[in-house]
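All chains, please: the whole structure from these sequences, using the hints.
Protein chains in written order, with the numbering used here: chain X, 3 to 274; chain V, -17 to 238.
Simulated from the structure, these hints should not be mistaken for laboratory data.
Among the hints, a few may not be true.
[Unchecked claim] Just so you have them, the derived chain V footprint on chain X, three or more residues with Cβ under 8 Å:
| # | region |
| --- | --- |
| 1 | 18 to 28 |
| 2 | 43 to 51 |
| 3 | 93 to 104 |
| 4 | 173 to 181 |
| 5 | 257 to 266 |
[To be verified] From chain V, some residues computed to sit far from chain X (all C-beta separations above 10 Å):
| # | residue |
| --- | --- |
| 6 | Ser(-11) |
| 7 | Glu(-1) |
| 8 | Asp13 |
| 9 | Pro65 |
| 10 | Asp153 |
| 11 | His156 |
[Said to hold, decoys possible] Listing some non-contacts, in silico: residues in chain X with all C-beta distances to chain V over 10 Å:
| # | residue |
| --- | --- |
| 12 | Gln59 |
| 13 | Leu73 |
| 14 | Glu116 |
| 15 | Phe118 |
| 16 | Asp128 |
| 17 | Ile139 |
| 18 | Gly140 |
| 19 | Ile170 |
| 20 | Glu245 |
| 21 | Val252 |
Yeah, the Cβ is synthetic: ideal placement off N, Cα and C, and Gly gets one too.
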Amino acid sequence: MIAAVATAMAVGLAGPAVGAYLVQRRISLLGDGIGHVALTGVALGTMAGAALGLANQDALAVPGAMVVALLGAIIVDRMQSKGRVAADVALALMFYGGAAAGVVLFDVSGGDHETFEAALFGSLGDVSTTTAVLTAIGAAIVVALAFGFRRVLFAATHDPEFARASGIPAGALTTSLSVAAAVVITLAMQAVGLVLVGGLMIVPVAIAQLHAGSFASTMRRACLYGGGVAAVGAILTIRWGIESGGLIVVAAVLLYGAVALVTSRVAARRPA
Amino acid sequence: MTSTVLSAAGITVGFGETIAVRDVSIDVHADQTVAILGSNGSGKSTLVRAFLGLVPLRTGTISLFGTVVPSRHAPLERVGYVPQRTTAQGGLAASVGEVVEAGLLSRTSRNLPAHGKERARAALDTMGLADRYSFPVGALSGGQQQRVLIARALVRNPDVLIMDEPLAGVDADHQIVVADVVQAAHERGAAVVLVLHEAGPLAPLLQRAIVLDRGCVTHDGAPPAAVGAHAMPGHDHVHPHADQTTEPSDLQRGVL
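Here it is, written out as structure tokens:
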């Protein structure tokens, strides 16, 4: 229980820390795109595990997802920065191509459907203490970098042209963000699954945006919302014995509705 | 003659089959206020973006304070740039202060320098927005957002101020504030390059005009004379005209 909640909280904090920059760049669906590409990595990892005759055939699923997610993130970033395709088209190619390749490879490899489903929707009940510790370390690094380089990352994502005109390496910084997104998505695979990981990165940012007036306060509040809904979702998931990803994202969306209602009521009562 | 701060030598910029800037050579000197004029699509914005290394050159070279642009050591932190924008809002809420403070960052300065917030407030004060520091930038009008972007360029006290359509969306009163900014930059010895559609209150401050037509320089010298209502007797200028004592031959050679 503790390992599961700690894992969920870690990715709940790290997801919005990266997600805020993705929303700022207006590519909030990048997380979903990378998540779908990572499915191909899960299938390739499973195939590699079988080919190597590993006792646990799924042992390479997470490393496979990590490698393919990183490659996918870098390729899409390069495609966008070279201006060869529009941002939404690049994401669509990633989205559909990654999901389709994952399904085909999984069928070809004769992989276990439980593994596939766990990758898609998360399986917090299976989290080990080792996984929880590694996830917490990875998430802490991502959060430290996202906040430590906040000003320069803000400049690069808010107005990339002005940033480049100031000598700020906007291209390298946005590539780093794509890489960080790939890391968070792989870390979050077990907590929320690859299909719903984008929700954990973006919905808390959307909630914070309802009542924050600056980028810094949006980031801070989004991380708190993300960590909170992930912890609550994880506890209820284990108590009720259901899939974790769906419940965590549903909790986030319900919270969005509640905060939107409160902020609109407050705004309506404010004197003009 | 003052020193050259910005130099373009035979530059050509193209996008696919289209040539946006064709074989342009320009030197801009310290304390010079230059307007780049021309119709839509004449290559004005592309030219100033080339000055900053934002678009690749097909031919020619750009140098800034004697250093080639783009390059790792180009002193871009000495340039204040106001890009052509309709909004200062990104995908997420940002405060006016955060946007202006981004103007204090550079390749070598990735965090706010000492007194960064005070400098940002001072730049906003110059643009008449001192009380908007904590406001979400998206809550401001289009003209106010344009002034925020000008404050972001001013906050670093640039030696070269490049503004692309700085009067776009700015009301008449605040166009005079923009003119004050240009005059103040000139008085402290900065070079100012302005991409303009209409000079408005900036007209009296211009010492030189470069006119582009389909990417080529068709005029480089004295600003075109005022016509219509602006040329009527009794037309008042808020700012004194630029020094008219310069030799016409100098203006023609563009060596102010």
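These are the hints, each one checked on the structure:
1. For the region 18 to 28 of chain X, the stated coverage by chain V holds: 5 residues have a C-beta nearer than 8 Å to a C-beta of that chain, and at least 3 were required.
2. Note: the region 43 to 51 of chain X has 0 residues with beta-carbon separation from chain V under 8 Å; the three-residue rule is not met and the coverage is violated.
3. Residue count for the region 93 to 104 of chain X with a Cβ under 8 Å from a Cβ of chain V: 0. That is fewer than the three needed, and the coverage hint is violated.
4. Counting residues of the region 173 to 181 of chain X whose CB lies closer than 8 Å to any CB of chain V gives 0, so the stated coverage by that chain is violated, three being the minimum.
5. Against chain V, the region 257 to 266 of chain X contributes 0 residues with a C-beta closer than 8 Å to a partner C-beta. That does not satisfy the three-residue criterion, and the hint is violated.
6. Every beta carbon of chain X lies more than 10 Å from that of Ser(-11)(V), the smallest distance being close to 17 Å; the non-interface claim holds.
7. The Cβ of Glu(-1)(V) lies farther than 10 Å from every Cβ of chain X, with a closest approach of about 15 Å, so its non-interface assignment holds.
8. In this structure Asp13(V) is separated from chain X by more than 10 Å, as the shortest Cβ-Cβ distance comes to about 22 Å.
9. Look at Pro65(V): its CB is around 5 Å from the nearest CB on chain X, not clear of 10 Å, so calling it non-interface is violated.
10. No Cβ of chain X approaches the Cβ of Asp153(V) within 10 Å, the least distance being about 23 Å, so the stated non-interface status holds.
11. Every beta carbon of chain X lies more than 10 Å from that of His156(V), the smallest distance being close to 21 Å; the non-interface claim holds.
12. Its beta-carbon lying about 42 Å from the closest one in chain V, Gln59(X) satisfies the requirement of being farther than 10 Å from that chain.
13. Here Leu73(X) stays apart from chain V, with its beta-carbon at least about 25 Å from theirs, past the 10 Å limit.
14. The beta carbon of Glu116(X) is kept farther than 10 Å from every beta carbon of chain V, the shortest such distance being approximately 38 Å.
15. In this structure Phe118(X) is separated from chain V by more than 10 Å, as the shortest Cβ-Cβ distance comes to about 33 Å.
16. Every Cβ of chain V is farther than 10 Å from the Cβ of Asp128(X); the closest lies at roughly 35 Å, confirming the non-interface assignment.
17. Non-interface call for Ile139(X) relative to chain V: holds, since the shortest CB-CB distance, roughly 25 Å, exceeds 10 Å.
18. A cut-off of 10 Å between C-beta atoms confirms that Gly140(X) is not in contact with chain V; the least separation is 23 Å.
19. Residue placement check: Ile170(X) does not keep its beta carbon more than 10 Å from all beta carbons of chain V (closest about 6 Å).
20. Residue-level check passed: Glu245(X) sits 30 Å from the nearest beta carbon of chain V, beyond 10 Å.
21. The claim that Val252(X) lies off the interface holds: its Cβ sits roughly 24 Å from the closest Cβ of chain V, which is beyond the 10 Å cut-off.
Hints 2, 3, 4, 5, 9, 19 from the earlier list are contradicted by this structure; the remaining hints agree with it.
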